[in-house]
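Undergrad: Given next are the chains, with one letter for each unit.
There are 2 protein chains.
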Amino acid sequence: MRIAATGDLPYYAVIFTSLRTEGDHGYGQMAEAMVEAASRQPGFLGVESAREELGITVSYWSSLEAIAAWKRDLDHQMAQRLGREQWYQAYKTRICKVERDYAFSRD
Amino acid sequence: MRIAATGDLPYYAVIFTSLRTEGDHGYGQMAEAMVEAASRQPGFLGVESAREELGITVSYWSSLEAIAAWKRDLDHQMAQRLGREQWYQAYKTRICKVERDYAFSRD
Chain A
1 MRIAATGDLP YYAVIFTSLR TEGDHGYGQM AEAMVEAASR QPGFLGVESA
51 REELGITVSY WSSLEAIAAW KRDLDHQMAQ RLGREQWYQA YKTRICKVER
101 DYAFSRD
Chain H
1 MRIAATGDLP YYAVIFTSLR TEGDHGYGQM AEAMVEAASR QPGFLGVESA
51 REELGITVSY WSSLEAIAAW KRDLDHQMAQ RLGREQWYQA YKTRICKVER
101 DYAFSRD
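In the order they appear, the protein sequences are chains A and H. Under full-length UniProt numbering, the first residue of the first sequence carries the number 1, and numbering increases by one thereafter. Under full-length UniProt numbering, the first residue of the second sequence carries the number 1, and numbering increases by one thereafter.
Careful: at least some of the hints might be erroneous.
When chains are identical, the list treats them as one kind, so a pair holds in a single copy or across two.
In the EDC-like style, the derived pairs of lysine to aspartate or glutamate whose C-alpha atoms are separated by at most 20 Å in a straight line are [said to hold, decoys possible]:
1) Lys92 x Glu22
2) Lys92 x Asp107
3) Lys97 x Asp8
4) Lys71 x Glu99
5) Lys97 x Glu65
By construction, these hints were calculated from the structure, which means they are not laboratory data.
Can you make the complete structure from the sequences, with help from the hints?
TA: So this is what it looks like as structure tokens:
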């Protein structure tokens, strides 16, 4: 996984922070399918994720409308439901406007 | 680490995504000291972090002024310099306004 190349400001970020339940229950496969499906959505700019105790997934989008459309996607809605029923002990979703960014690279 | 209890909207998030260099070079100790120092800053609301290939640390703040003051903190400036010189292959910092949030908890 790489740092997302999100392009020009302004753009939007969805910070999804979660605590998992025990066991997989199909989570790994669904998580991969959801990243794949999100990346085909109009307005998708990139995604970054990592998990230790806490999981953090940040997806980047060109507009609030693009985020709303992805939230309504039927396969995504099913994953959201399974998330509440099986995969997550707790989560928080934060919708953000990225106002500034700066980058460093050794290359 | 828990999901940050960030309180009422609006508030701000700093998404710091990084790729590390090989070896520790004092990183672990400094990272802990910086979280400790940040948490004593006015306007600090919480922090969430995880690292796999990619490291993601999201800190939450009450205002852009609070973020700017933390960026100028002298110990933090030294850590930023060491980050560019030693610890990070690449990083991206994104300053965001959190416009909406929603939470789920099984408890």
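Undergrad: Against which earlier hints does the structure fall short, listed by number upward?
TA: none
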